[in-house]
Amino acid sequence: MVLAVTARQAGKLALVIGLAVAVLLPSGPRPALFDGLPLPQAPYRYVNPPPDLASSNQPPGSGQATLPVQNGQVPGGGVQTSDGQVLVYFGLGALRASSSAQSATIRIDPVTDPPAPPRASQIRGNVYRVSATEEPGGGEVTVVRGYNITMRYPPGPFQELQFYDGTNWHSLRTTTVSGNPYAGATPTALGEIAATAPAGAGGESLLTILARIVESYGLLAFIIVFGGIAVAQEIRRRRRT
Amino acid sequence: MIAAAAPRRAAALTVALLLTAIMRSLLLPIGELAAAVGFVIALAGLLVVERRMDSVLSRHPHPTLPTRGREIGQQRSETPFWLGAAAGVGVGLVLLLPVMGAAASGRPLSGFWGWGAAIVVIATLEEVVLRGRLQPAWTAEAGPVAGLVLSAAVFALIHLPRYGLGAMPLDFAVGLALGGLRAVTGRVAPCAIAHVIADWGAWFWL
Chain Z
40 MVLAVTARQA
50 GKLALVIGLA
60 VAVLLPSGPR
70 PALFDGLPLP
80 QAPYRYVNPP
90 PDLASSNQPP
100 GSGQATLPVQ
110 NGQVPGGGVQ
120 TSDGQVLVYF
130 GLGALRASSS
140 AQSATIRIDP
150 VTDPPAPPRA
160 SQIRGNVYRV
170 SATEEPGGGE
180 VTVVRGYNIT
190 MRYPPGPFQE
200 LQFYDGTNWH
210 SLRTTTVSGN
220 PYAGATPTAL
230 GEIAATAPAG
240 AGGESLLTIL
250 ARIVESYGLL
260 AFIIVFGGIA
270 VAQEIRRRRR
280 T
Chain V
14 MIAAAAPRRA
24 AALTVALLLT
34 AIMRSLLLPI
44 GELAAAVGFV
54 IALAGLLVVE
64 RRMDSVLSRH
74 PHPTLPTRGR
84 EIGQQRSETP
94 FWLGAAAGVG
104 VGLVLLLPVM
114 GAAASGRPLS
124 GFWGWGAAIV
134 VIATLEEVVL
144 RGRLQPAWTA
154 EAGPVAGLVL
164 SAAVFALIHL
174 PRYGLGAMPL
184 DFAVGLALGG
194 LRAVTGRVAP
204 CAIAHVIADW
214 GAWFWL
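Protein chains in written order, with our numbering: chain Z, 40 to 280; chain V, 14 to 219.
Be aware that a few hints might be false.
Unchecked claim - Not the full set, but computed from the structure, chain Z residues with beta-carbon under 7 Å of chain V:
1) VAL60
2) PRO77
3) LEU78
4) GLN97
5) LEU259
What the hints assert, rightly or not - Far from chain Z by the CB rule (all over 12 Å, computed), these chain V residues:
6) ARG21
7) LEU31
8) LEU39
9) LEU96
10) ALA98
It should be emphasised that the hints constitute simulated quantities derived from the structure, not laboratory data. From the three backbone atoms N, C-alpha and C, an ideal C-beta is built for every residue, glycine too.
With the sequences and hints as input, model every part of the structure.
Have a look at this one:
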């Protein structure tokens, strides 16, 4: 009886402390789950969604960060869109502002009136504009050294990221990771960037789609059936004792 | 031999649980889903081994060690199931508070059911092993505070490979809260309910 009271009191205290800390902890590296399965990617957010996705599409997000400037040099930093579709990182000294500048504001915005696609290519997903202005004054910040951009592209064909300088599109040396719908590149100027694919390239083949479904749902089914049996047996055992 | 082995049962279970987490991280390069399957198999295997231990210990009882979680003092006063379930729902919703302010993820409800069912299984298995087995074992051997703290620490450690050091404080706090819920209600089901609700929220907000 003494143990029961003590355990309950300790439990109450742990419950209150645990909940308070879990709720009040500053968000930061907050995990997606306390355990469990990987989350499927949230649907790609289009500026102009394909007709079949128009009803469920959510508008893409923008991103902004203000970095301090010292003697015209920006110490580096990153910014990403609120939906995580684009992430930009500037290394130390990659940006230069005027000597009177005190801060630089970097923005990533989805472009609502994108330029015509590059020749022999199609634009996949949204075109994003990366811009940087200094304060005070609002003058443009220049890129001295290449910066890193990571951009998500929608399901379907993808070849490379391309950069639009206001007149022409330029191919960027693009890196991808198999099975990951993000591509990375190192542009050397601020402007508009898009994921592209050869014109006329189709989506995934039926076989690829089927393989993906069998892999995902097969493993999910295994977890549900196998784990369910284990849990059911444990419940039965507990009822018997 | 049995008497010598029995007091080390909580420690052995702790080590086994940590090994399942290491195994899961080793499987990650194959794919997160495959690693989750391996984790489920390992947890279910642990339960089987634990049941064998139960039956061995019931044939050779140790005078100071309860053989099953239910025989430990704190579990004698279980709250009614519906009350425990309501507490589980409440705790789950409180754990979701920090993410509820975020923008909706936009994931379609149609894709939720398979994922959500698998989460029920994994979270419940984890709770059965951690709060249903490990916590009572440490409570019996070292007292209720040690049971709470050590099971929360193991809970945080088994998530280390997946979320990194940055997530440890949050996972430890959640482990403490779920352990507290177990001690207060005397049941594992409320912990599983809270855990599942907290996990489900990720679909809609993260």
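Hint check results:
Taken as an interface hint, Z:VAL60 checks out: its beta carbon lies about 4 Å from the nearest beta carbon of chain V, inside 7 Å. For the restraint placing Z:PRO77 at the interface with chain V, the shortest Cβ-Cβ distance is roughly 4 Å, inside the 7 Å limit, so the hint holds. Checking Z:LEU78 against chain V: minimum C-beta separation of about 6 Å stays under 7 Å; hint holds. Because the beta carbon of Z:GLN97 sits about 5 Å from the nearest beta carbon in chain V, less than 7 Å, this interface hint is met.
At about 5 Å, the closest approach between the beta carbon of Z:LEU259 and any beta carbon in chain V falls short of 7 Å, and the interface hint on this residue holds. Residue-level check passed: V:ARG21 sits 21 Å from the nearest beta carbon of chain Z, beyond 12 Å. With a closest Cβ-Cβ approach of about 14 Å to chain Z, V:LEU31 is found to remain outside the 12 Å limit, as its non-interface label requires. No beta-carbon of chain Z is positioned within 12 Å of the beta-carbon of V:LEU39; the least distance is around 16 Å.
With a least CB separation of 14 Å from chain Z, V:LEU96 remains clear of the 12 Å interface cut-off, as annotated. At roughly 14 Å, the least C-beta separation between V:ALA98 and chain Z is larger than 12 Å, which holds for a residue marked as non-interface.
When held up to the earlier numbered hints, the structure conflicts with none and fits them all.
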